[in-house]
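A.B. asks: Sequence:
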Amino acid sequence: MALGKLYDAHNAELLVGVDYRLFDETDNNWWGELTLTDYKRLPDGNGYILELADGRKGRCAMTRKVNKAISGLLPLHCFRFRGNGSLSNV
Numbered sequence: 000m001a002l003g004k005l006y007d008a009h010n011a012e013l014l015v016g017v018d019y020r021l022f023d024e025t026d027n028n029w030w031g032e033l034t035l036t037d038y039k040r041l042p043d044g045n046g047y048i049l050e051l052a053d054g055r056k057g058r059c060a061m062t063r064k065v066n067k068a069i070s071g072l073l074p075l076h077c078f079r080f081r082g083n084g085s086l087s088n089v
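Residue numbers (numbering that gives the first Met the number 0): 0 to 89.
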C-alpha cells in the first residue's frame with residue numbers, strides 16, 4: 000500500500016490522507032482501493048481528486064466497501080475508487 004491524499008474536487012480542499020492500492024491503470028481508466036488514514040465520513044460518489052505517492056492526480060468516484068473496525072478505535076472506511084482519463088502531474 001502507498002500513501003496518498005484525497006481532495007474535494009469542487010474546491011481543491013484536502014479532505015484526508017489515504018493508504019491506497021492502484022490495481023490497474025490504462026490510458027483512459029484506473030481503479031483500486033483505499034483506506035482513510037483518519038476517521039472521516041465521506042459520501043459515496045463523484046467529486047474527489049486522488050493524489051498518488053508519485054504526485055500524479057486524477058478525478059475519481061468512490062464507493063464504500065466495508066468498515067474495518069478495530070476494537071477500541073473508530074472504524075476506518077475502505078473504498079473502491081475508479082477514475083476516467085489519465086493520471087497527470089498537473
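Simulated from the structure, these hints should not be mistaken for laboratory data.
Treat the numbers as computed from the prediction; the structure is a model and nothing was measured.
Don't be surprised by glycine CBs; every beta carbon is placed ideally from N, CA and C.
Some hints here could point you the wrong way.
Stated by the list, open to error - Heads up, simulated PhoX-like pairs for lysine-lysine below, C-alpha to C-alpha not over 20 Å straight-line:
#: 1; residue 1: Lys4; residue 2: Lys56
#: 2; residue 1: Lys64; residue 2: Lys39
#: 3; residue 1: Lys39; residue 2: Lys4
#: 4; residue 1: Lys64; residue 2: Lys4
Unchecked claim - Per label pair, the in silico range of CB-to-CB distance:
#: 5; residue 1: Ser85; residue 2: Tyr38; range: 25 to 33 Å
#: 6; residue 1: His9; residue 2: Arg81; range: 17 to 25 Å
#: 7; residue 1: Tyr38; residue 2: Ser87; range: 24 to 32 Å
A.B. asks: Starting from Lys64, check that the Cα of Lys4 is at most 20 Å away, please.
C.D. replies: This hinted pair holds, its Cα atoms lying about 18 Å apart.
A.B. asks: I want to verify a distance hint. Is the separation of the beta carbons of Tyr38 and Ser87 within 24 to 32 Å?
C.D. replies: holds (30 Å)
A.B. asks: Taking the beta carbons of Ser85 and Tyr38, is their distance inside 25 to 33 Å?
C.D. replies: Given a distance of about 32 Å, which is inside 25 to 33 Å, the answer is holds.
A.B. asks: Would you say the C-beta atoms of His9 and Arg81 sit inside 17 to 25 Å of each other?
C.D. replies: holds (19 Å)
A.B. asks: With a cut-off of 20 Å on the C-alpha distance, tell me whether Lys4 and Lys56 pass.
C.D. replies: holds (9 Å)
A.B. asks: Below or equal to 20 Å on CA atoms is what counts here, so check Lys39 against Lys4.
C.D. replies: holds (13 Å)
A.B. asks: Mind checking the alpha carbons of Lys64 and Lys39 for me, to see if they're no more than 20 Å apart?
C.D. replies: Distance ~15 Å between Lys64 and Lys39 Cα, so the pair holds.
Checked against the numbered hints given earlier, this structure breaks none of them.
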